[in-house]
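Taken in order, these protein sequences are the chains called A and B.
Quick note: the first sequence uses my numbering, first residue 165, plus one each step.
Quick note: the second sequence uses my numbering, first residue 8, plus one each step.
Simulated from the structure, these hints should not be mistaken for laboratory data.
Errors might be hidden in some of the hints.
[Unchecked claim] Some chain A residues near chain B, calculated using beta-carbon distances under 8 Å:
id, residue
1, 198
2, 203
3, 206
4, 207
5, 208
6, 210
7, 249
8, 264
9, 265
10, 267
11, 268
12, 269
13, 270
[Stated by the list, open to error] Lysine-lysine pairs mimicking DSBU-like chemistry, simulated, CA-CA at most 35 Å apart:
id, chain 1, residue 1, chain 2, residue 2
14, B, 90, A, 169
15, B, 18, B, 90
16, A, 218, B, 51
17, B, 51, B, 90
18, A, 218, A, 232
19, B, 78, B, 90
20, A, 232, B, 85
21, A, 235, A, 220
22, B, 85, B, 51
23, A, 235, B, 69
24, A, 169, A, 232
25, A, 218, A, 169
26, B, 22, B, 51
27, B, 69, B, 85
28, B, 51, B, 78
29, B, 22, B, 78
30, A, 169, B, 51
31, A, 235, B, 78
32, B, 51, B, 18
33, B, 69, B, 18
34, A, 169, B, 69
35, B, 69, B, 22
36, B, 22, A, 220
37, B, 18, A, 235
38, B, 90, B, 69
39, B, 22, A, 235
40, A, 232, B, 90
For each residue, glycine too, the CB sits at the ideal point set by N, CA and C.
The primary structure of each chain is shown beneath.
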Amino acid sequence: DQQVKQNSPSLSVQEGRISILNCDYTNSMFDYFLWYKKYPAEGPTFLISISSIKDKNEDGRFTVFLNKSAKHLSLHIVPSQPGDSAVYFCAATIWGYGQNFVFGPGTRLSVLP
Amino acid sequence: EAGVAQSPRYKIIEKRQSVAFWCNPISGHATLYWYQQILGQGPKLLIQFQNNGVVDDSQLPKDRFSAERLKGVDSTLKIQPAKLEDSAVYLCASSFPSGGVRMNTEAFFGQGTRLTVV
Chain A
165 DQQVKQNSPS LSVQEGRISI LNCDYTNSMF DYFLWYKKYP AEGPTFLISI SSIKDKNEDG
225 RFTVFLNKSA KHLSLHIVPS QPGDSAVYFC AATIWGYGQN FVFGPGTRLS VLP
Chain B
8 EAGVAQSPRY KIIEKRQSVA FWCNPISGHA TLYWYQQILG QGPKLLIQFQ NNGVVDDSQL
68 PKDRFSAERL KGVDSTLKIQ PAKLEDSAVY LCASSFPSGG VRMNTEAFFG QGTRLTVV
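If we strip away everything but chain B, and leave its shape as in the complex, we get:
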């Protein structure tokens, strides 16, 4: 079974530039998460999708961050304009199959995109 795919692996941009990250979750997983992990901290949820609807985006800085999940599969996370404090690893994760009432179990993570804003 293929895991969660993310690209790019690394990105360096200047502040005020824009950047986009892409995620392809595990096939059939209904829930997709974007987490931000700043060095020395645990992953922090930015946004959670259930199929192509947003479940939780309460911690997403909506003035500069946006995310979408096309057709309930792939997702993109965009930052525009980037700030120095956005330097972090951006992790995409997915969990449990779509359909039915199977309850939440573990989330499966991609390798992440390391963003450096200079």
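Bound conformation, chain A alone:
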């Protein structure tokens, strides 16, 4: 039973355009969400997060939107750069002491020059 889903295994975008990566979750207890980026042969690195008390969080070129009623979040990258090419994982947790992170299967983003 996949609690965090990323239905697009891959996405290709032209440099300078917007990349939109989507994530859906099924567990209504989740109230804190994170995006990680992973390059080959490296561990995932934290990118941006959002709490369920917000519907948007911005950090430079990266914005995460949360739609609680739809149990859906998305990561927007504007403008996309070739260095953004990586696998992006959506993760969810329950805000509190000692909770673990549940990851989606990832979306491979390719930004074409």
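Given the coordinates of chain A, work out where chain B should sit on it, guided by the hints.
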């Protein structure tokens, strides 16, 4: 600040052999996780420690996998005997400082150990 250290980076073993992975978390991080990432999938939690106590090991195949966290710092994950389906990247991660009631934020990952069972 030093990151999460893992060793070895790569390991190839034959099925039914045993293998061990080592992790040194970020200094002061109370929570340590071991994740298994099979090719094409997201990381799956195997075990979570809080200091040197186990918080969650519900997805750890306990007939063949074991893990310990010595003195609440370093951790080792062992597989004995290994099966072909254990081929994966094993990721160690740590999060938030020990003490107090600071809530969970992001986990910091090591580079992982790529295990190939042949």
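Are any of the numbered hints broken by this structure? If so, which, sorted upward? Violated hints: 2, 7, 20, 31, 36, 37, 39 and 40; rest satisfied.
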